[in-house]
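There are 2 protein chains.
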Amino acid sequence: MRILITGAAGFLGSHLSDRLIKDGHDVVGMDNFITGSQDNIVHLMGNEHFSFYKHDISNYIFVPSKLDAVMHFASPASPNPASPLAYFNLPIQTMKAGALGTHNTLGVAKANHARFLLASTSEIYGDPTEHPQKETYAGNVDITGPRAVYDEAKRFAESLTLAYHRQHGVDTRIVRIFNTYGPRMDLDDGRALPNLLRLALLNQPLTVYGDGGQTRSFCFVDDLIDGIVKLLYSDEHMPVNIGNPVEMTILEFAHTINKITGNKAGVVFVDARSARDPQRRRPDITRAKDLLGWEPKVNLEEGLMKTIDYFKMKLGIA
Amino acid sequence: MRILITGAAGFLGSHLSDRLIKDGHDVVGMDNFITGSQDNIVHLMGNEHFSFYKHDISNYIFVPSKLDAVMHFASPASPNPASPLAYFNLPIQTMKAGALGTHNTLGVAKANHARFLLASTSEIYGDPTEHPQKETYAGNVDITGPRAVYDEAKRFAESLTLAYHRQHGVDTRIVRIFNTYGPRMDLDDGRALPNLLRLALLNQPLTVYGDGGQTRSFCFVDDLIDGIVKLLYSDEHMPVNIGNPVEMTILEFAHTINKITGNKAGVVFVDARSARDPQRRRPDITRAKDLLGWEPKVNLEEGLMKTIDYFKMKLGIA
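Chains as they are written, first to last, in the numbering used here: chain A, 14 to 331; chain B, 14 to 331.
Treat the hints as calculated values from the structure; they're not laboratory data. The C-beta atom is built at its ideal place from N, Cα and C for all residues, glycine as well. Heads up, a few of these hints could be off.
[What the hints assert, rightly or not] Here are the simulated SDA-like pairs of lysine to any residue, each with C-alpha atoms no more than 20 Å apart in a straight line:
| no. | chain 1 | residue 1 | chain 2 | residue 2 |
| --- | --- | --- | --- | --- |
| 1 | B | K325 | B | A278 |
| 2 | B | K325 | B | H268 |
| 3 | B | K272 | B | K325 |
| 4 | A | K147 | B | G158 |
| 5 | B | K123 | A | L113 |
| 6 | B | K147 | A | L113 |
| 7 | A | K147 | B | D140 |
| 8 | A | K123 | B | L113 |
| 9 | B | K147 | A | T142 |
| 10 | A | K319 | A | V259 |
| 11 | A | K302 | A | E260 |
| 12 | B | K147 | A | K147 |
| 13 | B | K147 | A | N102 |
| 14 | B | K147 | A | D140 |
| 15 | B | K147 | A | D155 |
| 16 | B | K123 | A | I105 |
| 17 | A | K147 | B | D155 |
| 18 | B | K123 | A | N102 |
| 19 | A | K147 | B | K243 |
| 20 | A | K147 | B | N153 |
| 21 | A | K147 | B | P141 |
| 22 | A | K123 | B | K272 |
| 23 | B | K35 | B | M14 |
| 24 | B | K147 | A | G158 |
| 25 | A | K147 | B | T157 |
| 26 | A | K272 | A | V259 |
| 27 | B | K243 | B | K325 |
| 28 | B | K302 | B | N192 |
[Unchecked claim] Residues on chain A that point at chain B, a partial pick, calculated with CB under 10 Å:
| no. | residue |
| --- | --- |
| 29 | T115 |
| 30 | I137 |
| 31 | D155 |
| 32 | T157 |
| 33 | A161 |
| 34 | S172 |
| 35 | L173 |
| 36 | D184 |
| 37 | I187 |
| 38 | V242 |
| 39 | Y246 |
| 40 | I273 |
Could you put the whole structure together from the sequences, leaning on the hints where they help?
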């Protein structure tokens with residue numbers, strides 16, 4: 014297949030490009046580099062199965078050659094308020110990527126009679142009152158809050174995708190992506206795992222908020238990409254959660270990270286910050302198992318081992 | 014003020030135009046007539062305080078003269094699956110009106126340093142689990158359901174409006190409109206009140222689903238418009254519910270309508286249809302009372318008396 018991937022220079026978009034080229038496809042990458050990085054795709058430049066357009070997908074998209082699939086992964090996605098690249102700090106670009114970007118990429122899929130896959134997110138569940146989250150859960154998103162620029166844009170994008178499927182017969186898919194980690198992730202992403210891993214590699218004590226009893230589920234990127242590709246190859250139109258359902262406390266994460274990295278600086282407990290983050294989010298992956306035969310295979314220790322070299326390189330540690 | 018009203022040929026947009034002209038303002042109306050009707054504004058044609066552009070606001074908007082306010086009321090809004098004008102049946106137009114239309118009208122407000130008012134809806138609460146609904150309620154919307162094309166478009170529009178307020182300093186307002194009735198409403202709107210009133214005026218028995226114990230709250234249009242205008246004149250940026258909190262059962266509505274119209278055909282009970290409609294929705298109007306000094310004044314009997322002549326005209330009854 015010839016596959017357009019928007020956000021190809023992002024963490025997930027670049028891994029997806031690698032995997033699809035490995036599977037024998039041709040990838041047309043697109044990114045405006047607001048949050049994506051050339052570093053993530055430099056190894057693909059010159060590859061005869063990869064071409065690239067620098068373009069903002071909230072504007073009209075023109076691709077001269079026939080496409081068989083369109084995968085819309087472009088969006089700011091970092092929830093770190095301290096990062097200038099967080100969706101909090103790019104609110105209008107984030108909403109445009111979700112609305113205009115989805116509208117434009119659906120248009121490309123329609124014109125090419127191509128299949129379409131939307132990268133949605135567990136953020137559409139907001140601060141969930143149901144746990145773990147099934148795809149049928151309506152979510153608990155504060156429309157007026159600062160996170161809404163991302164959450165509501167993705168909710169809108171899902172509804173628009175289903176509208177194109179029902180109204181125009183576009184062959185669509187929707188993946189709801191949960192927390193993911195691995196090489197090429199943004200070290201300043203603001204999520205717990207990269208924060209802790211970074212501190213550990215700098216031999217600093219790991220900062221744990223409150224008693225560290227909050228839980229997280231993190232999926233290694235190779236597992237996630239495998240689930241997304243299986244969904245692309247499937248005929249499932251309704252949303253599918255892809256993520257790792259193994260839930261761990263932040264304190265368990267911290268201890269594992271210190272063990273793997275050999276960090277002797279231990280853990281420090283600090284006051285819970287004015288918690289903007291949801292306290293718990295964990296995918297129910299029954300649909301992914303049943304429909305796609307998918308479940309994650311890489312455990313946390315393995316995944317961390319595969320991630321450490323990248324973090325060391327970014328931190329300038331030999 | 015010089016005020017742009019999108020959806021000016023709609024039920025609410027046309028009443029809003031009348032009221033603002035009466036208040037001494039100049040109104041620039043805009044409508045693409047997908048669901049609006051020329052009949053609603055024909056009386057304004059030739060009025061020196063009213064000008065009109067036929068335009069689809071999901072495309073770029075150009076208004077040559079300086080604007081002081083922009084009020085975005087354009088959208089399909091009928092929930093009647095049997096109507097070709099229902100948002101179910103115009104899914105992509107509905108999502109474009111909510112996303113591209115809001116984006117374009119916010120752009121006009123920003124360029125003109127004009128205040129902006131978004132017509133949002135109680136539909137953002139979905140099928141509510143909290144009753145009555147306060148503005149802080151996150152709602153219960155099924156992203157993947159057929160109503161989502163309207164609900165999620167309006168949720169997105171609210172978040173985008175707040176993003177323009179926070180990021181670009183646009184002087185925005187958001188009204189969440191609950192069920193409204195009155196002259197110029199669509200008789201095929203699909204909601205309980207017009208359905209029942211229509212049957213009564215045709216001297217037919219009023220069809221009541223189930224035991225008629227489902228409740229509804231209906232606001233007379235003059236009350237609603239008064240609340241919206243008060244919000245426009247205020248400095249409140251967070252969403253405000255405007256609607257009538259007087260909750261009545263469908264059976265009470267039916268009896269009142271039969272009484273007012275002198276319909277002797279009574280009521281027939283039929284099996285509850287596969288209920289897509291929310292069973293209950295009622296505004297908490299504490300914020301409107303406190304911030305705007307607004308509450309509805311027209312009771313159901315008065316409101317119905319003012320609506321009957323319009324329905325008779327539309328039904329061709331002398």
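Exercise for the section: For the pair we were handed, K147/A and P141/B, check the Cα-Cα distance against 20 Å. Expected result: holds, 19 Å
Handout entry: Cut-off 10 Å, beta-carbon criterion: hint that S172/A touches chain B
Key = Hint on S172/A: holds, closest Cβ of chain B at ~4 Å, below 10 Å.
Handout entry: Pairwise hint evaluation, V259/A against K319/A, where the allowed Cα distance is 20 Å at most
Key = With Cα atoms ~18 Å apart, K319/A and V259/A stay inside 20 Å; holds.
Practice task
Take the C-alpha atoms of K147/A and D155/B, compute the straight-line distance between them, and say whether it is at most 20 Å.
Solution key: Distance ~12 Å between K147/A and D155/B Cα, so the pair holds.
Handout entry: Restraint check for K35/B with M14/B, where alpha carbons must lie at most 20 Å apart
Key = Holds, at roughly 12 Å.
Exercise for the section: Mind checking the CB of I273/A against every CB in chain B and telling me if the closest is under 10 Å? Expected result: With a closest approach of 38 Å, the I273/A hint is violated.
Problem - Given hint N102/A paired with K123/B - CA-CA distance at most 20 Å - result: The hint holds at about 19 Å.
Problem - Proposed proximity, L113/B with K123/A (alpha carbon, max 20 Å) - result: holds, 19 Å
Problem - Agreement of K302/A and E260/A with the hint, judged by alpha carbon distance not exceeding 20 Å - result: holds, 18 Å
Problem - Pair hint K147/B and D140/A, alpha-carbon separation not exceeding 20 Å - result: Holds, at about 18 Å.
Practice task
Take a quick look at whether K147/B and D155/A sit within 20 Å of each other, Cα to Cα.
Solution key: Given that 20 Å is the threshold and the Cα spacing comes to 12 Å, the pair holds.
Problem - Hint validity - D155/A Cβ closer than 10 Å to any chain B Cβ - result: Hint on D155/A: holds, closest Cβ of chain B at ~6 Å, below 10 Å.
Comparing the model with each earlier hint shows violations of hints 6, 12, 13, 19, 22, 27, 36, 38, 39 and 40; every other hint is respected.
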